[in-house]
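**Q** Chains as they are written, first to last, in my numbering: chain A, 1 to 158; chain B, 1 to 257.
Quick caveat, the hints were computed from the structure, so don't treat them as lab data. Yeah, the Cβ is synthetic: ideal placement off N, Cα and C, and Gly gets one too. Be careful, since some hints might not be right.
[What the hints assert, rightly or not] Facing chain B, according to a computed beta carbon distance under 8 Å, are these residues of chain A, among others:
(1) E35
(2) G41
(3) K53
(4) I56
(5) K57
(6) Y63
(7) N66
(8) T84
(9) N87
(10) H89
(11) P96
(12) N120
(13) R126
(14) I129
(15) R130
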Amino acid sequence: MKLHVLRPLVTVIGIVSIILVARALVVPDDFGVHERGYMYGWHRKGNEEDWKKFKIKYRGAEYCGNCHEKKYQTIQRSPHAIITCENCHGPAIDHPSEDRPKLDINKERAHCLRCHTYFNYPTSGRRLIRGIDPEGHNSGIECVMCHNPHSPGLGRAK
Amino acid sequence: MITRRDFLRYVVIGTAGAAAPLGLANPAGVLAGKDLTGPRWVFLLDTFKCVGCGLCVKACKTENEIPYEANVSRTWVERYVIMKDGTVLADTPKAARDGFTRNVIDLGQGKTQAIVTEDIAKAFFVPKLCNQCENPPCVQVCPVGATYQTKDGVVLVDRKWCIGCGYCIMACPYGVRFFHPVSHTAEKCNFCYHRISAGLKPACELACPFGARRIGDINDPDDEVTRIIKDGRVSVLRAEYGTNPRNYYIGLSEEVR
Chain A
1 MKLHVLRPLV TVIGIVSIIL VARALVVPDD FGVHERGYMY GWHRKGNEED
51 WKKFKIKYRG AEYCGNCHEK KYQTIQRSPH AIITCENCHG PAIDHPSEDR
101 PKLDINKERA HCLRCHTYFN YPTSGRRLIR GIDPEGHNSG IECVMCHNPH
151 SPGLGRAK
Chain B
1 MITRRDFLRY VVIGTAGAAA PLGLANPAGV LAGKDLTGPR WVFLLDTFKC
51 VGCGLCVKAC KTENEIPYEA NVSRTWVERY VIMKDGTVLA DTPKAARDGF
101 TRNVIDLGQG KTQAIVTEDI AKAFFVPKLC NQCENPPCVQ VCPVGATYQT
151 KDGVVLVDRK WCIGCGYCIM ACPYGVRFFH PVSHTAEKCN FCYHRISAGL
201 KPACELACPF GARRIGDIND PDDEVTRIIK DGRVSVLRAE YGTNPRNYYI
251 GLSEEVR
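Extracted from the complex, chain B is given alone in its bound form (with noise of 0.2 Å):
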């Protein structure tokens, strides 16, 4: 006849064992958090420099492959305009992929609305791209663990592994994520990982010729970007969130969401 003590010893023997094939009783595994050797990609975005030219948009498109015609990107410019009388405009035409070449509102379905310029208290552009965040909500609600972070911040999507549930897609709350037309994956902006690794700045940037976006190393102190971040003043998107997100911007309006 068995003891309740020796059934208990064997249940907790029996279950450590089962789990040690899982990797689940790899202590270093779970405790594993943050190592601040190597870089940590940031981006730092300035709203005065940006003029909703796009050319950012078609060289990320052409860049990461991402179907031209297809109404997704990886990153998209919006333009704000706020009337005088407290109106909020904001649009991103076809992500703004050609610019901003009319002073006129896209309402979207086909709906237009015209600007008058004497009634804007403000208007400025705002490009938007994956905030590469330091707790990533698209990444803890994969199932298959398809997307990850790597260890310098950068959230990466597995094409191979990605079964195209498309929970990321809605746990983004910055929208940055959708389905790549081609492939039926989950796809976002990964601050061009094939470039940065190589030591190259990312499509966008190098397109940019306002010097409105710059991609840095937050963990180097004498990265001019770091600098800038760290001395100047910069806010984030949706803070209020707690998603940590690592892109900062210069002159960020509370209109902008």
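Chain A on its own, in the form it takes in the complex (with noise of 0.2 Å):
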């Protein structure tokens, strides 16, 4: 073969190989077409695992309930029963344990409001809930200070 063809044959066929063998030691193996096919599927495998092992914060009320028998049932008989523990109480994460032997109870009247001020709102749930204008109901007050969040309602105001 004549040399200006072997030339640039021999550097096209070079650059190709180095591509080639770059692309082997840089590109994991789990990484290719997957179940979803060429257009949804093209990714590292492994990914899907490392998204699997990703951190459990909220465990759920019946975790609580375990150890917090007493207080599990009290609230299981009152309209909040409807409101899982870690709403107020925080995630269950890595508790009990020597980091975190006690959770942070939200006792923020802001916290109460999200469903308690009231809006009289047309086809939304919301003008069901029983609630407060929260200018004029006691106004920088906390509202645990009168209610009992695990059996509301004033009937058994503190």
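Build the complex from these two chains, which are given one at a time in their own frames, with help from the hints.
**A** Okay, structure coming up:
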């Protein structure tokens, strides 16, 4: 073969081989087309496992009930039974342990007002919740001063 | 001297040979499509039940380690207020992380608009999260294969692989994607993939006191969510985009975008 053909040919073959070798070294073995096909399934398979190993923080009310059985039973009898413990007490991640022997309780007025600011919104479930006008109803005081979140209603006021 | 016939033959063989290590000559890979074994996760959202407490947003941010003070979130709640004169007002202050506690619409940039309750025709709350579309445009545009769909339909982002180009953030018609303030990679709701894979509910569903948001497996005919989707009247967001979103809404109104 003539030199002016051979030279560019060798150059091109060289470049392609370098790219292929680099690709084989850089791209992990599990990278490729997976279950969802060419358009949507082109990925590193190991990343699915990475996501599955992400730390779980919220444990659910039943987990709390395993130890705090009495509290759990009380709230189950109240209208607040629908609220999971961790919404006010924070996620039970690593609890109980030396690092987290106690959880922080959110007693803020703003926390109660998430549901109990009254909005008369037609077609929304919000209007069915017993609510207050935050400016008119004992403004500035924490709700837990009078109401017990585990059995709300003034009938059982503190 | 090489003949034309031979030249073409060598070109074809050479191309096929060069393509083989790239996996392009693997017909099984090309043809792989839907597999109906195992779960296919979907969400059912009820706009009648949602009260805009924002506990889902709070739980989501904590569970998925999204910086609490940053104004980004994997899920959010929108308030729609439609006045009797036809005006549509909508807001989602801080993604509704602290719920809706004032009867005032946040117009952004510090501006607000008070609402006169008597003038409201209808008002409701709409929870939003990733639709895990059957045809996710965000996945198609990724130039490096960092975002993808799993067999069970969830679209995930490979933080190690993402180069942060932001194409996917532009491509999503629902605006669910954003940059994670810490990892600086594309971030999105993944139905709490770590929780659902372990048989738990997603954090937002666990936190919702009203059952306004529920996950389901559309491949399981006995799943209650599947039954409601199949037998009930549900609708999806922006069906005209052809993305085939998999979040089904009860009580959606045409004003909802």
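**Q** Against each hint, give a clear statement of whether it holds in the structure.
**A** Checked hints:
| no. | hint | in the structure |
| --- | --- | --- |
| 1 | E35 | holds (4 Å) |
| 2 | G41 | holds (6 Å) |
| 3 | K53 | holds (7 Å) |
| 4 | I56 | holds (6 Å) |
| 5 | K57 | holds (5 Å) |
| 6 | Y63 | violated (10 Å) |
| 7 | N66 | violated (16 Å) |
| 8 | T84 | holds (6 Å) |
| 9 | N87 | holds (5 Å) |
| 10 | H89 | violated (12 Å) |
| 11 | P96 | violated (19 Å) |
| 12 | N120 | holds (5 Å) |
| 13 | R126 | holds (4 Å) |
| 14 | I129 | holds (6 Å) |
| 15 | R130 | violated (12 Å) |
Violated hints, listed in ascending order, are 6, 7, 10, 11, 15; each of the other numbered hints is respected by the structure.
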